[in-house]
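Undergrad: Now for the letters of each chain:
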Amino acid sequence: GAVVSQHPSWVICKSGTSVKIECRSLDFQATTMFWYRQFPKQSLMLMATSNEGSKATYEQGVEKDKFLINHASLTLSTLTVTSAHPEDSSFYICSPAQWDQETQYFGPGTRLLVL
Amino acid sequence: DQQVKQNSPSLSVQEGRISILNCDYTNSMFDYFLWYKKYPAEGPTFLISISSIKDKNEDGRFTVFLNKSAKHLSLHIVPSQPGDSAVYFCAARRRNSSASKIIFGSGTRLSIRP
Chain A
1 GAVVSQHPSW VICKSGTSVK IECRSLDFQA TTMFWYRQFP KQSLMLMATS NEGSKATYEQ
61 GVEKDKFLIN HASLTLSTLT VTSAHPEDSS FYICSPAQWD QETQYFGPGT RLLVL
Chain B
1 DQQVKQNSPS LSVQEGRISI LNCDYTNSMF DYFLWYKKYP AEGPTFLISI SSIKDKNEDG
61 RFTVFLNKSA KHLSLHIVPS QPGDSAVYFC AARRRNSSAS KIIFGSGTRL SIRP
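First to last, the protein sequences are chains A and B.
Using this note's numbering, the letters of the first sequence map in sequence onto residues 1 to 115.
Using this note's numbering, the letters of the second sequence map in sequence onto residues 1 to 114.
Note that these hints are calculated values from the structure, not bench results.
There's no promise every hint is true.
[As the list claims (entries may be wrong)] In silico lysine-lysine, DSBU-like type, Cα no more than 30 Å apart, as pairs:
1. A:K64 to B:K5
2. A:K20 to A:K55
3. A:K66 to A:K14
4. B:K68 to B:K54
5. A:K66 to B:K68
6. B:K101 to A:K64
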């Protein structure tokens, strides 16, 4: 399967601060990046989809000004949680993909805890 | 609107026996289905998939069955092993002209007891 890394693996921050999560596709070029989050005991919910060099498309209910996504290269995408609040505490997972790729692979995830 | 449903939140199976995890979907446009295994604080790990043109796909101890008319698929694990204890997610996608997003079910926690 594909090799995907995320950094950091976990982060604790104070309410009101911004947190940046990096996702790297290590062995293929990702034309598309999916960002998911998972709250405790819930399913993985798609937050947004970004294509390299384009603006991200956000799912209903996800604030684009709060969750900033940058996909400037084919191997790196970042998700910035701006002015984080305790309700943003979650497990964030990225999934890089190529055009017409059948199987989707996921990063190891980043656990965010906002105090 | 939950397009992919896993109605059993948990399942307990004795080691060595068969584990059967079920999944239903509502969107008839889905044409590719995947099963993922997930441990806490880790990303999902791909297990097995099936295209809508098939009704069965087998890989080692894992077999996925697809019943398109019933919009139902199942994952069979046999024999079940202690390391299989995890949360299993069913997922579906609709392929189009670009990489298409995956929709996940709510997951089934599988526990393999000795």
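Undergrad: Taking the hints in turn, state whether each one holds.
TA: A quick look at each hint next to the structure:
1. For the hint linking K64 (chain A) to K5 (chain B), the alpha-carbon distance of about 27 Å falls within 30 Å, and the restraint holds.
2. Of the supplied pair hints, the one linking K20 (chain A) and K55 (chain A) holds, its CA atoms being roughly 17 Å apart against a limit of 30 Å.
3. Under the criterion of a C-alpha separation no larger than 30 Å, the hint pairing K66 (chain A) with K14 (chain A) is consistent with the structure, at around 16 Å.
4. Between the alpha carbons of K68 (chain B) and K54 (chain B) the distance comes to roughly 9 Å, so the proposed pair stays at or under 30 Å and holds.
5. Annotation: proposed proximity of K66 (chain A) to K68 (chain B) is violated, straight-line Cα distance about 39 Å (limit 30 Å).
6. Note on K101 (chain B) and K64 (chain A): the hinted pairing holds, with a Cα-Cα distance of about 18 Å set against a maximum of 30 Å.
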